[in-house]
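**Student:** Turn these sequences into a full structure, and let the hints guide you.
Protein chains: 2
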Amino acid sequence: MPLGQRPGDKSESRYCGIETEFHDDMPQLLTYSLSGGFDFVVAPLVDPSYRPSIRNNNGGATILPVSASDLVLNPSQWSSHVVGKISSWIDLDSDNEEVRLDSEITLKQEIAWASHLSLQACILPAPRRGSCGNYARCVNQILQGNNMQLWLRVPLEKSEIVDGSTDADCDLTGGRMLDSWECWNTFRLLCEHHSQLGVALDILSSLPCNNSVWRWFGEPVRAAIVHTNSFLTNARGYPCLSKRHQKLITGFFNHSVQIVISGSLLHNIAGDSGDEVLPAIDDDSPIEALPARHELKPYLDYVAYLYQRLDPLPEQERFELGYRDFLQSPLQPLMDNLEAQTYETFEKDVVKYSQYQRAICKALINRVPDEQASTTITVLMVVGAGRGPLVRASLQSLCTSSNASDSCHDIFRHFFLPQASNSQLPVQLFLHPVKSSCCHHFRSGLLAYSSSTDSFNYICFMSRICKDVSKRGKLWHLASLRCFLCFCTLAAEETGRKLKVYAVEKNPNAVITLHSLVKLEGWEDAVTIISSDMRCWNAPEKADILVSELLGSFGDNELSPECLDGAQRFLKPDGISIPSSYTSFLQPVTATKLYNDVKSHKDLAHFETAYVVKLHRVARLAPTLPVFTFTHPEYSNKGNERYKRLRFEIPLDTGSAVVHGFAGYFDAILYNDVHLGIEPSTVTPNMFSWFPIFFPLREPLYVPRGSTIEVHFWRRSGATKVWYEWCVTSPSTSPIHNSNGRSYWVGL
Amino acid sequence: MPLGQRPGDKSESRYCGIETEFHDDMPQLLTYSLSGGFDFVVAPLVDPSYRPSIRNNNGGATILPVSASDLVLNPSQWSSHVVGKISSWIDLDSDNEEVRLDSEITLKQEIAWASHLSLQACILPAPRRGSCGNYARCVNQILQGNNMQLWLRVPLEKSEIVDGSTDADCDLTGGRMLDSWECWNTFRLLCEHHSQLGVALDILSSLPCNNSVWRWFGEPVRAAIVHTNSFLTNARGYPCLSKRHQKLITGFFNHSVQIVISGSLLHNIAGDSGDEVLPAIDDDSPIEALPARHELKPYLDYVAYLYQRLDPLPEQERFELGYRDFLQSPLQPLMDNLEAQTYETFEKDVVKYSQYQRAICKALINRVPDEQASTTITVLMVVGAGRGPLVRASLQSLCTSSNASDSCHDIFRHFFLPQASNSQLPVQLFLHPVKSSCCHHFRSGLLAYSSSTDSFNYICFMSRICKDVSKRGKLWHLASLRCFLCFCTLAAEETGRKLKVYAVEKNPNAVITLHSLVKLEGWEDAVTIISSDMRCWNAPEKADILVSELLGSFGDNELSPECLDGAQRFLKPDGISIPSSYTSFLQPVTATKLYNDVKSHKDLAHFETAYVVKLHRVARLAPTLPVFTFTHPEYSNKGNERYKRLRFEIPLDTGSAVVHGFAGYFDAILYNDVHLGIEPSTVTPNMFSWFPIFFPLREPLYVPRGSTIEVHFWRRSGATKVWYEWCVTSPSTSPIHNSNGRSYWVGL
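Each protein sequence line maps, in turn, to chains A and B.
In case it helps, full-length UniProt numbering puts the first sequence at residues 1 to 748.
In case it helps, full-length UniProt numbering puts the second sequence at residues 1 to 748.
These aren't lab readings, by the way, just hints derived from the structure by calculation.
Glycine included, C-beta positions come from ideal geometry on N, C-alpha and C.
Please note that the accuracy of each hint is not assured.
[Claimed, not checked] Far from chain A, by Cβ distances over 10 angstroms, these chain B residues were calculated:
| # | residue |
| --- | --- |
| 1 | A112 |
| 2 | S115 |
| 3 | A136 |
| 4 | G145 |
| 5 | L190 |
| 6 | L265 |
| 7 | E317 |
| 8 | S531 |
| 9 | V683 |
| 10 | F688 |
| 11 | Y702 |
| 12 | K721 |
[To be verified] Stretch by stretch, here's where chain B covers chain A in the computed footprint (C-beta under 8 angstroms, at least three residues):
| # | segment |
| --- | --- |
| 13 | 135-147 |
| 14 | 325-337 |
**Tutor:** Here it is in structure tokens:
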């Protein structure tokens, strides 16, 4: 039974398991656990007193002392409700050869039995301190011929080293192994990052520092085993968790990690439930008989409470669920013509076009003083017009307030009334810079309203139908994106400027749409459509404002610099480019899932390619650093090749970590203070046009505690293509990736 | 003109070059240098005052200020006698962007010009301290589209760190880079170990410690640039080198490294040559005119003296020249049948069979007391008899002294007389344990003789025709291996024991040869030939002695353990196996050449395969450690799977190094104190049956100064095959190589 109903959450983390001792009546054990509300048991499959060598010496039966015949449960019960727990006595790196051989035989026998039962996963005992080479070799062998998940048990602990201690304290053998992450790292390196090898983290009563904990979110953590002794006791005697533990459990819920409760009842709960916990057995019942009510249910109840207390997934997150950690090749909009579906998706990004609209407004106002508004015609060229969204944004920046107020009423009715019937959903709207003159049209329908037109900050509205005031300020409801697009009209500036628009587009298919849009909207007088590549168009006049939306996830990666270099020929010397500049950003990440997906292609080229990806199971190891900046117009002769050396300092308390690659972002200044971007610390909220970009490393980079990561990035160009090269030179040196653009490039 | 005539030496190290300044009359420069005895010049190709940016600003000619038109020399002169020297001012990692861009343009232009001239190589200036990322990226780009060798100049220096200092002194940035090897390592890692990227070592007046120097012999060092200021002055005022420098230069000669003399005349040589050094020019001659006699000739003469002083290559080394660093797949004698050519080669290894003969002698004597010699028949089985060399060795161990003396005379005549005509060649023979009773037959022909029969030590004979007494004790002349085989007869023990021999061989082709051998030698009464696999033969009686030669380079790697396990069924309980035990050994090596050869296959399998290889351009980083030992007969039930963890301590004064894999050897105890092996510290001299084995690593392992290398080796077996797995867990962790024998195995 899942922990609760959380809208949109279909992840594994809804299920909670329980770790049990060896029990030879599996159906009874399972019934007891499931009826107690647990979804699965983590149970030993073989009597822990079994040793193959002793059995052989006895010359006795060769039957493995398993907990139950495979027939006592049906296959789907085995597979859905039982995770195998490998005997914890095994020690494949013992100095005692007999123990080592016994351990290997037992491990293989138990896994074979678990496979026979079609279990989905088995939990492997934690490696002992010191060497784990033979254990890893044996597990690696098992992984080659099996499709079961193996979860290596690892305690979530790290011996904290006092700041200021020298590296000598953190020596390579004993010292390094104090951090359980090191042990995991060695193990998975030996097993070559096998995709079926995961981690089951043991959560203890004390937690390491946050940086050290969060690096696990880039690792393949499948389960978190929470021990009853890590629970505190609340005023009523019930188990609860510390704030830090709560935050960690929430982190697990959000990263598809299942919770498993382990240990014995440590809270003697008074009152109503107290009696029930005692086993209701009579004297004749066998000792193994289990109590009617599961004694660990109070712990489960608390975990379920934490789960149910979670905020529902925001609409945008739900929409993007399917894209989480899914690698996509970046678009090549210059070389290829985009398809209608692609335009359709991107045109829906209201926030993005609203920002463009704001930038155009500001540029118009700055360029044409009020006194010249009626006499000056501003020439605005949209280069790469696509199907016209920027043309629309440009013209909407001119629309009058009366038009705006009319449409506002329509939109309000259209938007709010259907929502009113769904009283469960809080509705909160995120509106865009409006002039206060527009806003009075909405007062009747709005509960709260605030405005700060001077700073062009966002304004928040809470609708009357929002029932849950406690959620105020936290949620964005974007159910109807189409509707939201219309809301942009609300943001229209009454600039009153006169505009002449050229829409330049190289894709002949998009030009067809442009023509019908212009006809439909009655823009024939204002808009001239040019079917041409901006790099070779001979403009009949020069532009005051050049508007483009050529940015990729990494800023310049869709060749905006090259395109705008070609277009600035027809920009007036004092003309404005929107965007006026953009900067790419990078940060090192742990991303086991992404690494394994890249590796699955089994070639070099995929390790030297950048991917667009909605990052989810990722640990960000350091704040971003800026990489390349491009400014437009650019009249210097420096060209568009770039070289940047970056040094990321990993916080000392993170401990060691592994870097699978670099997450890339951009931030663009559209005009003056109007920016647009996906760089995490300055992200423009509620845009969905860009996921981050991911530059992989061919070999995961081990980063010892307290290291600096030195990275080199190049932007290079040739006659027909532009590409990036990258490498690491500290803490160790990688090859130069994508030399001469051999694997990944963007066509000119 | 080569440095001298050294028999057998066809390597590059015969040639010596000279580094020159920029000179705009290349033919004159070349004539001057070649007439001075140098074989090639290392010369700048472009005026060092050239800067592309300045030239562009001047708007002047775009012609590169090269030293000479391509027409002044013919293509083969350019290619044989000129190594390009890239302008030393370039700095691609300068903080100054203009310097960086100028440097990149210049580097590319100069390389392009050198390519146009068909030069074989260019020397790149040493990277500046600190970062070399952009330099390496640019060189890497050049390497992709060019087949010229690029030699990165690296000073042979290492800041010695006082023992006992903590690791904190050796920090990751500044400290590490004090060692010029680190700089080279970073550079070549960035360039992905490109096979055209080599090293030109600058030899200075002071040398780092030996361990630090020798690690370079596993690196692709192509040239050693010896500066005139590193020469000392001898009593007569001539340049000479310190003992350590001499040893180093000898090392270069032996590793195919060319010497280049650099710098100005620092020795004012008095007397006869003094006047000649002065330029014989009249006042009208241009300033550039060069002296008639090359002023650096005294340095060249000294280097030539060192070269000429070298010992000639021993015969065996010459024979094995073609095998140096050439990777061969190990034999699979069990799964495949060997070819006649293979038998032919191995049967010529006199030393090997002589050791077997000694072992059999000792076993016979120990097993049958003198008083029972005439009554007891010893049953000896040669398992894996091949074409009969061990059968011969077994029977020869019985031959009487009179027979031996007869053949001795024949052999002596056959062997010594032809040699006598070649008075140049010292002939030294390496004979095998003989009883003193045999030796008198040779006194007449031998100059020196000594014996120590008790300890069965080797006895050295110097023949009268050995002219060069100074070579005494150093050389082995093995011109006539066939003849040497007969010499084994000299070693015959008068054991007087009676022997019944079974020759068991699975290869039906070899059985044919065995039959004819037995007929030819008249051994029909003594020898029974069995055409069968020893693992399934039903022997009609049990053996006293089981003789086998199933050892591979790594001891057990040709499945001797499995074969002998199968054969010991028919060994008497107190019977003897020859060999009685064998142990494999490993040591970590730097071996760039081998790594690149493995990598050239572009697949995983070749990186998980062991190779038989005559190791030459290799740096051995630590003494060998024993791995697996097998003893025969083996009545315990432990099986033939093995696991061993090895820890190699790299001497602190080596500094950092890179490990490309592990060299493997074996040592076998044939019987009692008679051993046979290729482990370097105990090697049996003059055997050629085994080259070492090489286990590669998939990624070169960086080993920081003072590290311990922890390696795990497994010997694993399945139903149809035996294989090794290996991995490294310190200083960093590798994947497990050859998991489940997926890439490399030996068939059962």
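**Student:** A separate judgement is required for each hint: does it hold in the structure or not?
**Tutor:** Hints, one by one, checked against the model:
Here A112 (chain B) stays apart from chain A, with its beta-carbon at least about 15 angstroms from theirs, past the 10 angstroms limit. With 10 angstroms as the threshold on Cβ separation, the claim that S115 (chain B) sits away from chain A holds: the shortest Cβ distance comes to roughly 16 angstroms. For A136 (chain B), the shortest C-beta to C-beta distance to chain A comes to about 7 angstroms, within the 10 angstroms cut-off, and the non-interface label is violated. For G145 (chain B), the condition that its CB be more than 10 angstroms from all CB atoms of chain A is violated, with the nearest at approximately 8 angstroms.
A beta-carbon of chain A is positioned within 10 angstroms of the beta-carbon of L190 (chain B); the least distance is around 5 angstroms. Its beta-carbon lying about 41 angstroms from the closest one in chain A, L265 (chain B) satisfies the requirement of being farther than 10 angstroms from that chain. Look at E317 (chain B): its CB is around 36 angstroms from the nearest CB on chain A, clear of 10 angstroms, so calling it non-interface holds up. At the 10 angstroms boundary, the C-beta of S531 (chain B) stays outside the reach of chain A, the nearest C-beta of that chain being 38 angstroms off.
Listed as outside the interface, V683 (chain B) is consistent with that label: its C-beta sits roughly 30 angstroms from the nearest C-beta of chain A, beyond the 10 angstroms cut-off. The beta carbon of F688 (chain B) is kept farther than 10 angstroms from every beta carbon of chain A, the shortest such distance being approximately 36 angstroms. Annotated as non-interface, Y702 (chain B) brings its C-beta within 10 angstroms of a C-beta of chain A; the closest such distance is 6 angstroms. Even its closest Cβ contact with chain A, about 14 angstroms, leaves K721 (chain B) beyond 10 angstroms, as expected for a residue assigned away from the interface.
For the segment 135-147 of chain A, the stated coverage by chain B holds: 6 residues have a C-beta nearer than 8 angstroms to a C-beta of that chain, and at least 3 were required. Check on the segment 325-337 of chain A: 0 of its residues sit with their Cβ under 8 angstroms from a Cβ of chain B, so the three-residue criterion for coverage is violated.
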